[in-house]
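Using the sequences provided together with the hints, build the complete structure.
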Amino acid sequence: MKKLLLLTLLGVALTACANSPKKQPVVQNVNDIAPFPAAQVGFTRYAIHLPTIVDESNTKVEVIIGKEMNVDCNLQNIGGVVKQEELKGWGYSYYVVEKSIGNISTLMACPEGTNKNQFVTINHNLGLFSYNSQLPLVFYVPNDLQVKYRVWQPNAKTMQASAE
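Its first residue numbered 17, the sequence shown is counted upward by one per residue in my numbering.
Check each hint, because a few of them may be wrong.
[Said to hold, decoys possible] Cβ-Cβ distance ranges computed for the label pairs, FRET-style:
(1) Val70 / Met124: 21 to 29 Å
(2) Lys76 / Ile120: 22 to 30 Å
(3) Asn171 / Glu101: 42 to 50 Å
(4) Lys76 / Asn47: 23 to 31 Å
(5) Glu180 / Pro53: 48 to 56 Å
(6) Ile120 / Pro51: 34 to 42 Å
(7) Leu103 / Ser178: 28 to 36 Å
(8) Val70 / Asn159: 20 to 28 Å
(9) Lys173 / Asn133: 35 to 43 Å
Source of the hints: derived by calculation from the structure; they are not laboratory data.
Virtual Cβ for every residue (Gly too), placed ideally from N, Cα, C.
What follows is the structure in structure tokens.
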């Protein structure tokens with residue numbers, strides 16, 4: 017009798033847990049986390065809020081800064097300098113595009129009709145960022161630029177290098 021009552025209570029408890037509403041991640045404003053400065057005139061502040069994942073230590077984030085442009089067959093880049101700044105008193109980093117210099121392009125002769133719209137990027141030297149769902153990545157860029165990102169996770173299979 018006690019076992020039946022215990023199994024019934026266990027079943028009710030499991031059903032209640034399974035039917036409880038799932039907690040949705042709350043996207044915060046970057047100022048709720050730390051007093052990041054407001055964007056200067058002519059700049060936009062972008063914040064990348066990453067969701068919590070199982071293994072953040074093996075995941076990286078690639079940040080892509082650029083703009084949509086009509087380009088020809090030449091290789092295109094935007095010249096620019098991206099500097100890492102520190103939020104004084106907090107130790108958090110944020111990034112500022114200090115200079116954005118027009119369009120840098122190769123000079124090949126392109127056939128007629130090869131123009132297309134393409135996202136042209138700044139080649140910054142920031143590398144890949146560590147994945148951190150607790151702290152946003154904050155960027156200040158000129159108004160004509162956008163910030164995009166890509167999440168990189170390792171493949172489960174590792175390969176052996178050959179000794180030479």
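Next item on the list: Check each numbered hint from earlier against the structure, then list the numbers of those it violates in ascending order.
Entry: 1, 3, 7, 8
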